[in-house]
Amino acid sequence: MKVDRITELFTQELKVINMGLETFAENLSELGVQTQQVEWRPPAGGDPEVLELFERLEANTTLDIEAANAEAVSRIQEGKPTLVDIGVASEVVPGMHKKLILHAGPPVEWNDMAGPLRGAVIGGLIYEGLANDAAEAEKLAASGEIEFDPCHHHDAVGPMAGVVTASMPVWIVENQRFGNRAFCTLNEGLGKVLRYGAYSQEVIDRLNWMADELAPILRKALELRGPIDIKNIIAQMLQMGDEGHNRLRAGTSLMIRELAPYLVMLDEPKEKLSRILTFMHENDHFTLNITMPACKSVIDAARDIEGSSLIVAMARNGTEFGIRISGLGDRWFTGPASVVDGLYLPGFTADDAARDIGDSVITETTGIGGFAMAAAPAIVKFVGGTPQDAITFTRRMYDITVAENDTYQIPAMDFRGTPTGIDVRKIVETGTLPAINTGIAHKDPGVGMVGAGLVKPPENCFRDAFTAFVECYTKGAMS
Amino acid sequence: MKRIIVRKDSYYDSVVLMSISAEVKKIEGVKEAVVAMGTEMNLDLLQDMGFSGSELESSGPNDLIIALEAEADEALTQAERAVGELLRKKSSGGGESTYRPVDLNSAVKLLPDANLVVISLPGAYAAREARKALLAGLHVMLFSDNVAVEQEVQLKQLAAERGLLMMGPDCGTAMINGMPICFANVVRRGDIGLISAAGTGLQEVACSIEKNGGGVSQGIGTGGRDLKNERVGGIMVRMAAEALGEDPETKVIAVVSKPPAQAVIPEVMKTLEATGKPCVVHFIGAEHAGAERARGPEHPGAQGDARHDTIRYAASLEETARMAVALSRDERYEPYVFDWSEDEIDGIVQRESAEIAPDQKYLRGLFAGGTLTDEAVFALHEPLGGVYSLDPVDPEFELADPQRSVGHTIVDLGEDVFTVGRPHPMIDASIRTERIEREAVDPEVAVLLIDCVIGYSSHPDPAGAMLPALRDARERARRRGGYLAVVGSVTGTAGDSQNIDVQRSKLESVGCVVMPSNYQAVKLVERIMARRAG
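If you're matching them up, the sequences are chains S and F in order.
With our numbering, letter number 281 in the first sequence gets 1380, and the count goes up by one each step, no holes.
With our numbering, letter number 427 in the second sequence gets 910, and the count goes up by one each step, no holes.
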């Protein structure tokens, strides 16, 4: 028999991981033995059916999930998101056409849409000139003439309502390692904006200005500047107190630094350039619409890897929260969108809040956002109030991920890489849900942002996805 | 009424301010509280809420605005003060939260060169965690019980493939590199390597080794089924033996277990012989056959085959230790039972049996240690003409109601039937004290036999916890005109925090006869019962 490991143990310093009665670890600690107590919880809250699923999955020894996940996560690590251009949706977004409206989250029909999304659809139809007012727009939306589809089905992502229509300008981010692209509209600012379901004339006017002035001029500056390495920008942001989802103050400053020298070189009136720089300056979230497609372009390269249990999309449409698994193709697994636990803008309370909405959780899916909470001490009020709470928050995410990011690092954690590559098995087993930061929209169309906070995704979608994964991979074949 | 305060050039993060607004709004009498930076959006919002004034008009994004509305002036002042305090509040005020990994993988990240995982989780989950640990290349000590045989077989096969220790399931004790794992005692390190199926067996042998001047190199627990169950096939005993055979620090190997399955014996013996080291084997309950064989070669090494050269059989846990110590010192072992002279023993027997009333006929053994129970049951079954227990020598003597003693009864109070919903009697003394109280009212009880296991993880003062019940039991017997003899032993060492000498003195203070080992206690009981009958 092979016993070399045992004789080796006899010569080593004993180091013990303890699962269960803490006394056993305490005894050893008193004697100077290094121990690590595990705060163990029964898998899936002790559900015997889920435990049986784990046993089934683990009995299939021909399937190497770890290897598949390692492949998926290496693709995430290798991704090189680069801002290459700005285009018009109908010209660059795959499958985009005049009568198609893209939205955030998993698929949803008009009748099931939540307030903010309905408002954004109304605004989108007015913006496209397909309707003159809200009543006409609602009628058109319900008529069946308009097609609705998730951004995610078109290589795109959208914050909050995430509505993309044919004429909207979009950022184009290319993953230069794998050649795929991702798209996202330009951020409109805070307050009464389309993505929060506002559709007043003020909103439409701003969208028009963005398409007519902002986007063309930024495009020229970008052309002059050349492609911008967004991986690099995100890495810097995390060192400067941003987490890339709810705090983008540093990232927006960096983008201004990248673009300003080229903006001023353009043959454009000073007033226009000043307006553009001011617009960027006044909106900390300007860069969210760049980190999001950057994350999308990176994680898309990790899709469709046979045997991989990594989550490659999380998204909400205001009605449902949905996820996709690398090894399960295009399927969505959904659960009801939650109410956000948050802090509110002056004059608003939780009663005003819409349910969780938006594709911005693509940031968490790729290892930043809530997963990098410890990098953003300025917003620790969301997670209990102290920087230590934020570190604890991020640490928990290592429990459900398979790797640490080799580029995105957290200074306060001794430059540890952010938790990257969410394994649905680990979520189901530990009961630890992904930590997601998010903005809160008003529940009624047309009002806008009312706060920001943390959202707890619905547990069942992870369990359903895991169940489907086990079913798929214990039948012996993937179709 | 409303109040607006503007603090020029005071920047705060909006999230901090939102939480302050929420806090202040909770103050009684405060209708509205907005603490925000003077951005255009916020100024608009304030206007919508009915706040206005020149201070607002002249403020900008770098100015902190505190806008309050309340029913009375006092509330406004209170709210303003609260805002000031909250803004000043130091970060240390927040809840200090700590992180602990929730699974093995995360724990390994925090302790990257961990080499042993101790698992005491509910049995239904334990096997899976053990498997994960083995797959991660870690040795396992599986304390949990209620793990199916099939799972044990799989785990041990996996461990064998990987050359890892898979101690347990249902393994209470190990001593690795001198460190106590789970229930264990402070025993000096030395050259005797122990392999034991169960916990208190390992503890009793290790403590006896300490008492006899020897020391332990490694103590490896295997779980009770390792040798007993044919399907497990003694995998871990064999691996442990092989490892101890290769270990330069180990000179003598001792194995303690209930009798193995017949099919398992040849392989195990072959492995022990192959180590080339002297081995002492004690199969509890098989000591008659074993002892005969063991005693065969009076002069080891003089003649005979390899088996007789290297393997000897001991008749008790204590003898296992004595023989091992003798071998470790290259001394000849002369068998004996009592540490004390025959006169002394006879005096004690005389003293303890003299006042036992004629209708006091029975022995009651109340144990916390499983192996110690086995040793008592096997040794006393024949001399007493049958001992009832949950795991009897003869199936006819299976105790029908575990809670009720009949005739001569010896119970392991650590059995599942007693520990449903409560801790093991080695941790929680009340299981035994309650049972002592029940035996105390039975006028037919003549002798009470107990163990007292100390060391790491055990009750901080098990003897002390038993004293009131023992004192009361003896007093009751006396009042009935009889005498209750209490005989016991303490499994432990002077190094244990409970201290063997302190524990002994406590037991002796209520008239308990404390013998130097469990086996000697059992043998003394045999003599007392015989004298009583005679």
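If you are wondering where the hints come from, they were derived from the structure by calculation, not from laboratory data.
The beta-carbon is built from N, C-alpha and C at its ideal position, and this holds for glycine as well.
Incorrect hints may appear among the rest.
Okay, the calculated bits of chain S under chain F, using three or more residues with CB under 8 Å as the criterion [said to hold, decoys possible]:
| hint | segment |
| --- | --- |
| 1 | 1106–1119 |
| 2 | 1122–1131 |
| 3 | 1229–1240 |
| 4 | 1411–1422 |
| 5 | 1443–1456 |
| 6 | 1487–1495 |
How the hints compare with the structure:
no., hint, result
1, 1106–1119, "holds (count 12)"
2, 1122–1131, "holds (count 6)"
3, 1229–1240, "violated (count 0)"
4, 1411–1422, "violated (count 0)"
5, 1443–1456, "holds (count 4)"
6, 1487–1495, "holds (count 6)"
The structure fails hints 3, 4 (numbered hints given earlier, in ascending order).
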